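Asker: Take these sequences, add in the hints, and give me the full structure.
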Amino acid sequence: MRMEQTGKVKKDFIVCKDVMEEFPKADEGMFRVAENLNFTVKENEFLVLFGPGQCGKTSILNMIAGFDLPTSGSITVDGQEVKGPGAERGMVFQTTCLFPWLTVMGNVEYGPKVRGVGKKERRKKAQHYIDLVGLQGFENHFPVKISGGMKQRVGIARAYCNEPVVMLMDEPFGHLDAQTRYLMQEDLMKIWEREKRTVIFVTNNIEEALYLADRILVLTNCPTKVKAEYKIDLPRPRDYTDPDFLKLRKEISEVVDHTL
Amino acid sequence: MQTKTPAQERRDKIVFGTLAVFLFLVIWYLVTKLTAFGEIFPDPVTVLANIGDKFVNPLGKVTLAGHILVSIRRVMAAFVVAAAGGIVLGVTMGWYPVVEAIFKPIIEFLRPIPPIAWIPISILWYGFSEMSKYFLIFLASFFVITISVYSGVKSVDPMLIRAARMLGAKDNQLFTTIIIPSVVPYIFSGLQVALGNSWASIVAAEMVQSNMGVGWIIITGQQSSNMVQIVTGIVCIAVVGMLLVMIMRGLENKLCAWNKQGR
Ligand SMILES: Nc1ncnc2c1ncn2[C@@H]1O[C@H](COP(=O)(O)OP(=O)(O)OP(=O)(O)O)[C@@H](O)[C@H]1O
Ligand SMILES: [Mg+2]
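Each protein sequence line maps, in turn, to chains A and B. Residues in the first sequence are numbered from 1 upward in steps of one, following the numbering used here. Residues in the second sequence are numbered from 1 upward in steps of one, following the numbering used here.
A few of these clues could be false.
Stated by the list, open to error - Here are the simulated lysine-lysine pairs, DSS-like style, with alpha carbons at most 27 Å apart:
hint : chain 1 : residue 1 : chain 2 : residue 2
1    : A       : 125       : B       : 154
2    : A       : 119       : B       : 170
3    : B       : 154       : A       : 25
4    : A       : 145       : B       : 254
5    : A       : 83        : B       : 254
Quick caveat, the hints were computed from the structure, so don't treat them as lab data. A quick note: this is a predicted structure, and the numbers were derived from the prediction, not measured.
Answerer: Here you go:
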């Protein structure tokens, strides 16, 4: 839909081509996490990777982030092959990974700080993102003092504040209670509409996937690959009780593998 | 049960702590007054009176405060050098595999030797000079601090390193913004243990050879069969040791607030 609105076909921004990844097993031999993994992501697209637990979702994001490299195949972002981590690819971790010795402000401004942005400018920018995720008033709190939902908000603000071109989000709401989760999904949509980015969002919650995605890729169990693809054209903000929403929910639920 | 505010908890601790010390003194007093134990051990009133007296009238060359200061100065001079050296070596060992390969076996070998086992060597090398005391304190603290800092570098959360790299940190920035802050709590736990070790060792060293210091008070007490003086020395060692640890803890609470609050 959005493609037609802008009047031109958007280019493939991220390309995963024939990606295969193996880890050495504890005893011997290799464990294959991904195989024949092929997909592309368009610029400013909100792509959701939806798959069962332990299927290799984090491993895929780790390769795009550059923490691990594919055993074979290639991943390119904006035409450049991924060779290691870089500030243009931001990540929101499944386990938050905030710096415990820094305050909320210190965490959010960390990226601009190490990249040499002056204090005044980075403070202003960090404050903008702290406000955006609704944490004003908590700037000087240490991570141990704030709730799980707030930590995830800090993680999101920290990634956004570095202004990456790609946002990788690894089940950021996975550990939250249902109510907080809905709230965070709504807020994330608002942020994304304001500050368009190419987002790859990982989840194993079908409602979350349908609420957020431009497109959903359903992944198989290990070694993981793309099993099915759904373009979601429902208008935003989406309604969990809308008949089309429910229909898609049922359809996709039937496709996904179940965790062993 | 009703939950208590931190302020109430702190107050309870002080109240109960004071009561316990007072009770201990009362029992000590009663046991020495009512049993035969009093014939071989002084009662607390006599000891406290002696402590008060010796703060005014000299014991040997200087007053009690003078002896305590001499011992503390000896500990501090060597402790600061050992701390600086231990932190630097611990961090480089944890960060550079080559340094680790060279120094780790040596340190693992020397570390289990109790500091007082070095006393004879220190006397043969440095005689009865201040240097012999510094040498001992250095050994009592250096290895402990080095190993603690080293294990701190080794246990830096790799996910935090990932997060920092993802945000654009270069190698030298990783070191200053991730490794060093992660290691601070380990530095403090090393310093605390090392300071306790050092204090214990200086007393031992002074008991073997010196003409001043808290260890000297005890050993001259023994030589003149003066039990009151021995117990006076012991009480000083305990109180000063406790204060040193409390100061270190206070410093740690200040600098590692982010860590302490989580516990
Ligand atoms: N570094 C590694 N070494 C060995 N095996 C690994 C490594 N990383 C991941 N694996 C294995 O690969 C599989 C997929 O892991 P991954 O974390 O990518 O899955 P996931 O879909 O993100 O799981 P979850 O739903 O729990 O988040 C798991 O079985 C895991 O044990
Ligand atoms: Mg995962």
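Asker: Determine for every hint whether it applies to the structure shown.
Answerer: Hints versus structure:
no. : hint             : in the structure
1   : 125/A with 154/B : 34 Å, violated
2   : 119/A with 170/B : 19 Å, holds
3   : 154/B with 25/A  : 23 Å, holds
4   : 145/A with 254/B : 16 Å, holds
5   : 83/A with 254/B  : 41 Å, violated
Hints 1, 5 from the list above are not met by this structure, while the remaining hints are.
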